[in-house]
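Asks: Chains as they are written, first to last, in my numbering: chain P, 24 to 64; chain X, 12 to 187.
It is worth saying that the hints were derived from the structure and are not from the lab. One should not assume that every hint holds.
[Claimed, not checked] Interface residues of chain X toward chain P, partial, derived using beta-carbon atoms under 8 Å:
hint, residue
1, Gly42
2, Thr108
3, Ile169
[Claimed, not checked] Here are the in silico distance ranges between beta carbons for each label pair:
hint, chain 1, residue 1, chain 2, residue 2, range
4, X, Gly177, P, Asp40, 24 to 32 Å
5, X, Ser24, P, Asn52, 47 to 55 Å
6, P, Thr39, X, Thr97, 34 to 42 Å
A virtual CB, placed ideally from N, CA and C, is assigned to each residue, including glycine.
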Amino acid sequence: MSKPLIQIDDLIREMTDEEHAQYLADQANAPAPLGAENDNQ
Amino acid sequence: MPVPDFSPGEVLSAGAMDQVGLWLVKSQTVGTGVSSVTVTGAFSSAYDNYRITFTGGVSSAASTDLSLQLVGATGNNYDTVLFYTTFGAGTIAVASTTTSNFAWAGQGTNQGATQMIDLLKPFLAEPTRYSSQFWAGGVGYAQGRHTLATSYTGFTIIPASGTLTGGTISVYGYKK
Numbered sequence: 024m025s026k027p028l029i030q031i032d033d034l035i036r037e038m039t040d041e042e043h044a045q046y047l048a049d050q051a052n053a054p055a056p057l058g059a060e061n062d063n064q
Numbered sequence: 012m013p014v015p016d017f018s019p020g021e022v023l024s025a026g027a028m029d030q031v032g033l034w035l036v037k038s039q040t041v042g043t044g045v046s047s048v049t050v051t052g053a054f055s056s057a058y059d060n061y062r063i064t065f066t067g068g069v070s071s072a073a074s075t076d077l078s079l080q081l082v083g084a085t086g087n088n089y090d091t092v093l094f095y096t097t098f099g100a101g102t103i104a105v106a107s108t109t110t111s112n113f114a115w116a117g118q119g120t121n122q123g124a125t126q127m128i129d130l131l132k133p134f135l136a137e138p139t140r141y142s143s144q145f146w147a148g149g150v151g152y153a154q155g156r157h158t159l160a161t162s163y164t165g166f167t168i169i170p171a172s173g174t175l176t177g178g179t180i181s182v183y184g185y186k187k
């Protein structure tokens, strides 16, 4: 299964295992989203 | 006469140019379907304070919060407070968090992503200060600090869900 894409300046590639683990940890640690509704302001 | 006073054919003097208060440091076009965008080489000794904008892109999520993380600073050392209200509510709510990035740093929607952030002293070996506009679900204003006295040269924009496509991230330096 492919991992999410990460962009560093002009380079776009799949996340490494380490980057993916950090990404998932950041997502899990994020505060509850306040923009859940599609308000499109 | 305000300075600088630019007119067609005028020679721009160093004195006039030195009065320019906000200078474009770097622009970065966002690719397609990326879960984060890192901009390197954004902060240096040339400026102490920076404005970051992101417009023109869209998120795959109908609406998602965006966050900002300093490159190399992945620990839970970001304190952020958000003052916000929903349209028609008439009351101010407050939210706060300590996490691994500056939260509530703009909004991504499938009709457009919008960010306008000020970072104070990211390159100096002092705690970085942060302020941002916030629009998701209403309007708000976020303020925060990174508690480590460390120098940083870049940042990463991260949507809370989904991916980002297109648009331009611009970094401006405030004249010292």
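Asks: Now look at each hint and say whether the structure bears it out.
Replies: Here is what the structure says about each hint:
| no. | hint | verdict |
| --- | --- | --- |
| 1 | Gly42 | holds (5 Å) |
| 2 | Thr108 | holds (4 Å) |
| 3 | Ile169 | holds (7 Å) |
| 4 | X:Gly177 x P:Asp40: 24 to 32 Å | holds (28 Å) |
| 5 | X:Ser24 x P:Asn52: 47 to 55 Å | holds (51 Å) |
| 6 | P:Thr39 x X:Thr97: 34 to 42 Å | holds (39 Å) |
No hint from the list above goes unmet by this structure.
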